[in-house]
Amino acid sequence: MCRTTSKKWFFFFDGDDVSPSARDRKAKPERQPDRDEREVFLKRKSEMASALGVSGRWRLYMLVQFYNVSKIYPNGVKALDDISLKIDRGEFIFLVGQSGAGKSTITKLLIREEIPTRGQIFIASRSIVRMKRSQVPKMRRSMGMVFQDFKLLENKTVFENISFAMEVIGAPDKEIVKRVPEVIQMVGLKGKEDRFPGELSGGEQQRVGIARALINRPLLLIADEPTGNLDQKTSEGIMELLFDINRKGTTVVMATHALDLVRAARKRVLVLEKGRLASDNPPGEF
Amino acid sequence: MYIKNMKYFFKQAFRSMSRNRLLSLATVSTVTVCILILGMALLIILNTSGFMARLESDVEIVAYLNKDLTTSQISDLRYQIQALNGVQSVQFVSRDQALQELQKSVGAKDYNLGTTLDKNPLPNSYEVKALDPHNVPNLAASIKQLYGVDKVNYGQGVVERLFKITRWIRTVSIVLIILLALGAIFLIATTIRLAVYARRKEVYLMKLIGAADWFIRWPFFLEGILLGSAGGLIALLLLAAGYSSIIGQAKTLLFLPLFTGTIPLLTLYGGLLITGALLGMLGTLISLNRFLDV
Numbered sequence: 001m002c003r004t005t006s007k008k009w010f011f012f013f014d015g016d017d018v019s020p021s022a023r024d025r026k027a028k029p030e031r032q033p034d035r036d037e038r039e040v041f042l043k044r045k046s047e048m049a050s051a052l053g054v055s056g057r058w059r060l061y062m063l064v065q066f067y068n069v070s071k072i073y074p075n076g077v078k079a080l081d082d083i084s085l086k087i088d089r090g091e092f093i094f095l096v097g098q099s100g101a102g103k104s105t106i107t108k109l110l111i112r113e114e115i116p117t118r119g120q121i122f123i124a125s126r127s128i129v130r131m132k133r134s135q136v137p138k139m140r141r142s143m144g145m146v147f148q149d150f151k152l153l154e155n156k157t158v159f160e161n162i163s164f165a166m167e168v169i170g171a172p173d174k175e176i177v178k179r180v181p182e183v184i185q186m187v188g189l190k191g192k193e194d195r196f197p198g199e200l201s202g203g204e205q206q207r208v209g210i211a212r213a214l215i216n217r218p219l220l221l222i223a224d225e226p227t228g229n230l231d232q233k234t235s236e237g238i239m240e241l242l243f244d245i246n247r248k249g250t251t252v253v254m255a256t257h258a259l260d261l262v263r264a265a266r267k268r269v270l271v272l273e274k275g276r277l278a279s280d281n282p283p284g285e286f
Numbered sequence: 001m002y003i004k005n006m007k008y009f010f011k012q013a014f015r016s017m018s019r020n021r022l023l024s025l026a027t028v029s030t031v032t033v034c035i036l037i038l039g040m041a042l043l044i045i046l047n048t049s050g051f052m053a054r055l056e057s058d059v060e061i062v063a064y065l066n067k068d069l070t071t072s073q074i075s076d077l078r079y080q081i082q083a084l085n086g087v088q089s090v091q092f093v094s095r096d097q098a099l100q101e102l103q104k105s106v107g108a109k110d111y112n113l114g115t116t117l118d119k120n121p122l123p124n125s126y127e128v129k130a131l132d133p134h135n136v137p138n139l140a141a142s143i144k145q146l147y148g149v150d151k152v153n154y155g156q157g158v159v160e161r162l163f164k165i166t167r168w169i170r171t172v173s174i175v176l177i178i179l180l181a182l183g184a185i186f187l188i189a190t191t192i193r194l195a196v197y198a199r200r201k202e203v204y205l206m207k208l209i210g211a212a213d214w215f216i217r218w219p220f221f222l223e224g225i226l227l228g229s230a231g232g233l234i235a236l237l238l239l240a241a242g243y244s245s246i247i248g249q250a251k252t253l254l255f256l257p258l259f260t261g262t263i264p265l266l267t268l269y270g271g272l273l274i275t276g277a278l279l280g281m282l283g284t285l286i287s288l289n290r291f292l293d294v
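For the record, the sequence lines run as chains A and B. In case it helps, this note's numbering puts the first sequence at residues 1 to 286. In case it helps, this note's numbering puts the second sequence at residues 1 to 294.
Hint data in this document are derived by calculation from the structure and do not stem from the laboratory. There's no promise every hint is true.
[Said to hold, decoys possible] To be clear about the criterion: a stretch of chain A counts as covered by chain B if any three or more of its residues have a C-beta under 8 Å from a C-beta of chain B, and this derived list gives those stretches:
| # | region |
| --- | --- |
| 1 | 143-157 |
| 2 | 164-172 |
[As the list claims (entries may be wrong)] Restricting the straight-line Cα-Cα distance to at most 30 Å, the calculated cross-link-like pairs of lysine-lysine (DSSO-like) are:
| # | chain 1 | residue 1 | chain 2 | residue 2 |
| --- | --- | --- | --- | --- |
| 3 | A | 138 | B | 201 |
| 4 | B | 7 | A | 192 |
| 5 | B | 201 | A | 132 |
| 6 | A | 138 | A | 151 |
Even glycine gets a Cβ: it sits at the ideal position worked out from N, Cα and C.
The whole structure should be built from the sequences, with the hints applied where relevant.
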């Protein structure tokens, strides 16, 4: 399936712009996601397509496109300068660079917390720059966000923190009760449903954060320094979890400056320097 | 689905209120004080305007007629006056009635005007009431133009001054009410902004997860409405108790004609309650929009 989809994609876009992830897959075939997850993924994808108002499945393969994107904040800080990039579905991407290089700005642009000063951003072939304000919530439902400081609600239990993300988009109770334990199991927090965030370790808290991001089956998971507040060993555990999620079909964009984790991962790496894209390294070449 | 959402909204609203008890208390008391002041101002204004309306409606025009008019001319004049614009009623007062009135106002029973004066010196007259008391000076002028009218009297000078004063009082009271309402909205907006600020992380998360704006707004709205109407209710209970005791006192004192009657009072109290709820809602709306802009 992966091969045919890439071919279709080549047909519609320039052939020389070979997606690194496609190369990666050819060289080292990834484990096939199990049947169940895959069906769920396809269902989510068609839901997203209808939410975004696009027809035809092929449009969804190129998930993110940035064209000459610049961002200047109202206070005059130039955070991004003429960035163009494409992210294929199923990819795992690291955004690296020093503080202030523009990593966080890219994640904010992806979830449309900020709008670019110049340039265009397409998510699943739909411009999120021109998108109406009323369409934004729908778009965000196909994305999950993981934060450096976890952003858990202190007065809610683990279960409530995770189910919160389903409640606020109006999911039926029946689905919530069924889905939340699944995700808790997936991130390895079984038995800790009724704890409060204050009673958990940093790594466990981040797992709750990831579970919350995953609960609505996003196509794109955006993680802004997810290991920034964690020690080496805990970070590796979180990375394993993120790889696992990626293997099951979710595209992951992770901003970080933990370079040893990035080197060990052998994934595509985008290096940002002072708001410019300094290099785009295919997997294993960073 | 919708009912489930409503359940969720109410749950959230109550949870937030019980979690931020102090803030909720602050909001309720703010609304209470605002509505109480507003209600008192309204009652004072209603009473004074009722009093003023009575003063104004007492103003009437007395048109003295020429003594040598025939009966048919007199009745003719009546139709002419009635045909004028803005006339409410025309009352004929004969010379004899006028003398009797005079006798009455002089008061002394053992003193007979009729015997002192061998001839009745008073003329026949028409007492004319205007639909709009403010129209009295104009109306008087046009009555004076009519044939057979000798003299017109309506308290010239005094009436104009009375109207000036009442107009001024009305303007001042309307401005006062608007200022009070604005102050109340501002106070409530500030209090609710604190409540929203306490939950800004939650609001931010909801926005990023993809909750619709209305979904985020509703619990806060409910909270604002509930706190607002609670404040309004307390205020109007205090106001009703206070005012009814004042009415009781006034009845024994027979001092001023007070604004009473069950239905207008109930309307007033209901209006105040709704105002409380509206203030709560408006305050929420003002303070919430800033946080929703993510």
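Non-conforming hints, listed in increasing numerical order: Structure breaks no hint.
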